[in-house]
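Q: Listed below, chain by chain, are the residues.
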Amino acid sequence: MNGAGAAILAVLGLTLVKATPLIFAALGGVVSERSGVVNIGLEAILIAGAFVAVVVSGVTGSPILGALAGIVAGALIAALLAFAATRLAVDQIVAGTGLNIATLAAAAFGLVLVYHRPGASDEVPSLGHTGEIALIVIAFACAAALHVALDRTPWGLRVRACGEDPGAAEAAGIDALRTRFGAVVLGGAIAALGGVYLSLAELDLYSDGMTAGRGFIALAAVIFGRWTPLGATGAALFFGFFAALQYSLQRAGVPSELMQALPYLAAVVALAGFAGRVRAPASDGVPYVRQ
Amino acid sequence: MNATPLLRSRAFRDIAGVIVLVFGVGSIAMALAHVSPIAGFGALFDGAFGTKEEVAETLVQATNLLFPALGIAVAFRAGLFNIGAEGQLVLGGFAAGWLGAQLPLPAFLAIPLVLLAGAAAGGIWGAIPGFLRARFGANEVIATLMLNFIATLLATYLVNGPLALSNASPGETPTLPASATLPDLVADSRLTWAFVIALVLAFALRWVLARTVFGYELRAAGDAPEAAKRAGIDLGRTAFVAMALSGAIAGLGGATIVAGELHRFNTGLSPGYGFIAIAVALVGNLDPLWIIVASLAFGVLTSGGIAMQAEANVPREVVALVTGLVIIALAGRRVVASGRTT
Chain A
1 MNGAGAAILA VLGLTLVKAT PLIFAALGGV VSERSGVVNI GLEAILIAGA FVAVVVSGVT
61 GSPILGALAG IVAGALIAAL LAFAATRLAV DQIVAGTGLN IATLAAAAFG LVLVYHRPGA
121 SDEVPSLGHT GEIALIVIAF ACAAALHVAL DRTPWGLRVR ACGEDPGAAE AAGIDALRTR
181 FGAVVLGGAI AALGGVYLSL AELDLYSDGM TAGRGFIALA AVIFGRWTPL GATGAALFFG
241 FFAALQYSLQ RAGVPSELMQ ALPYLAAVVA LAGFAGRVRA PASDGVPYVR Q
Chain B
1 MNATPLLRSR AFRDIAGVIV LVFGVGSIAM ALAHVSPIAG FGALFDGAFG TKEEVAETLV
61 QATNLLFPAL GIAVAFRAGL FNIGAEGQLV LGGFAAGWLG AQLPLPAFLA IPLVLLAGAA
121 AGGIWGAIPG FLRARFGANE VIATLMLNFI ATLLATYLVN GPLALSNASP GETPTLPASA
181 TLPDLVADSR LTWAFVIALV LAFALRWVLA RTVFGYELRA AGDAPEAAKR AGIDLGRTAF
241 VAMALSGAIA GLGGATIVAG ELHRFNTGLS PGYGFIAIAV ALVGNLDPLW IIVASLAFGV
301 LTSGGIAMQA EANVPREVVA LVTGLVIIAL AGRRVVASGR TT
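Protein chains in written order, with the working numbering: chain A, 1 to 291; chain B, 1 to 342.
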């Protein structure tokens, strides 16, 4: 094996590491948005998942329990958004933006309460290398499962119907509000695994700002992947590849800001329709109010 | 026992709800941090109002929130969600700092040029999603959200790379010459004429929205897009102009931060003013005059929060926590009525 081959393998390995949290978060976004709820709060879900996973792992000494608690935390944050979006019919975008601000602050405040210092938590038992590989496999398994579930099951049909036309779905006997609520909470549980990966697999602590806008890159992946599980996974891998490449290209003089801007630029281009016909579910982001 | 109409009005209930939220969540957070709420809020208000300098700093924070909040309100009133004020503000600040640092002009020319550069840069950054929406139907929410990140990365790249000026530190422009900076309003403080400019702008915007044909078209596009279209209003053009104006106001805010309190651009000039301003605009019910009041209230929380951390040992994140909750609580306002579709 020569040096170039090893370098390529290293970039591919790093691509998986960088892409995995994005895949989880993007899949969570896909489920939510296919049911008609825009999830600007993915960043909040990543933060909650990462923070709670670390605290519980530290307290119980079990990173598995930590990971499960992180999933529950993400589902709870998503439930908050889902409640506001379905029962109160508030604007999902404004609510999601508020959720991001509040959760980031709550985690920073929580660090002070639990660890009595700002900035970062103590080191806690992590999932280790085995756990990291397991999570990478789970990410791809989730993508495949969601693809089948959304495309081929009655549940998927109901979710998609609510995302396109909740009024018609209700006329056909589907409880649109309940379906949306369930999809958003499930999406939150999946997305939270991205936070768990960041804090307990890639690292063994939580620090302020560690999610670094990945929730928004995942949102870009949802759009770039045209609101499909496999498309979003592909987009997350694409963004992960460029994040991995950054280290080598920086040495070659390519400005790192350009590489970091790539996911966001891709989303803007996809929105403008240059990447082919891109269409969100027709009722994505539209509150449904029963007549 | 008779409730007056004021007590039943939506604005009053909103404001009462926000006050309960601020003091309720604030007290719980302080209790968790083992600080008595009386001591905590005492430190907060003391830090915001205690001395002349502290009042000035409160007004500085209010000013920095007022500009982006006014910009956000213009877009919201047109039925467009501009959550890109942060990026527009950062690029406005960069344009102002970059130009201002190398303007060998007297103050009466340099100051307007610096402010204009900020407004132009912010306006262009707002016009991009406006154009994409008008031309391709691209969702402006996601576009402005993404453009926030691109703006910060672009400003970082430009200030260190192709547009780096000599004798500047990394991530900064050199200090602006005195002729390009806004005069102080209160000596030995960071409060400058930016505050007055923001107030004048709020009154001007109120007039534009309420009394001009443009203001009418903008509100019509936001309140009843279908009816506006049938009445012959070009929705695409309105979206473009509203977003450009919205961005220009946020960009002007960035320019006043640079020309007023910092006297240079640096990449960390905003601790998220563009995001907090969403709460300010919502609390102010998207009305420029009420937004002045809301920005003063958030100015108190922001400047007082810093003092609260220093004196009562309550993390200032409590302020951000409350801000986020206020945004969630007010997300229902206007929205269903506006009949907006994405």
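I should point out that these hints are in silico values taken from the structure, not numbers from a laboratory. Here a beta-carbon is modelled for each residue, glycine too, at the ideal position from N, C-alpha and C. Just so you know, not all the hints are guaranteed correct.
Below, a sample of chain A positions facing chain B; criterion: calculated Cβ distance under 10 Å [unchecked claim]:
{"hint": "1", "residue": "Gly96"}
{"hint": "2", "residue": "Ala107"}
{"hint": "3", "residue": "Ala108"}
{"hint": "4", "residue": "Leu203"}
{"hint": "5", "residue": "Asp204"}
{"hint": "6", "residue": "Leu205"}
{"hint": "7", "residue": "Ile217"}
{"hint": "8", "residue": "Leu230"}
{"hint": "9", "residue": "Gly231"}
{"hint": "10", "residue": "Gly234"}
{"hint": "11", "residue": "Leu237"}
{"hint": "12", "residue": "Phe238"}
{"hint": "13", "residue": "Ala261"}
{"hint": "14", "residue": "Ala270"}
If you want the footprint, here are the derived chain A segments under chain B, 3+ residues with CB under 8 Å [said to hold, decoys possible]:
{"hint": "15", "region": "69 to 79"}
{"hint": "16", "region": "150 to 164"}
{"hint": "17", "region": "186 to 198"}
Taking CB as the label site, the calculated pair distances span [said to hold, decoys possible]:
{"hint": "18", "chain 1": "B", "residue 1": "Ala310", "chain 2": "A", "residue 2": "Thr130", "range": "39 to 49 Å"}
{"hint": "19", "chain 1": "B", "residue 1": "Leu113", "chain 2": "A", "residue 2": "Leu265", "range": "45 to 55 Å"}
{"hint": "20", "chain 1": "B", "residue 1": "Leu32", "chain 2": "A", "residue 2": "Arg87", "range": "25 to 35 Å"}
{"hint": "21", "chain 1": "A", "residue 1": "Arg178", "chain 2": "B", "residue 2": "Thr175", "range": "35 to 45 Å"}
{"hint": "22", "chain 1": "A", "residue 1": "Ile8", "chain 2": "B", "residue 2": "Ser179", "range": "51 to 61 Å"}
{"hint": "23", "chain 1": "B", "residue 1": "Ala224", "chain 2": "A", "residue 2": "Ala141", "range": "45 to 55 Å"}
{"hint": "24", "chain 1": "B", "residue 1": "Pro112", "chain 2": "A", "residue 2": "Arg178", "range": "28 to 38 Å"}
Q: Report the numbers of all earlier hints that the structure fails to satisfy, in ascending order.
A: As far as the earlier hints go, 4, 5, 6, 8, 9, 10, 11, 12, 15, 16, 17, 19, 21 and 24 are violated by this structure, in ascending order.
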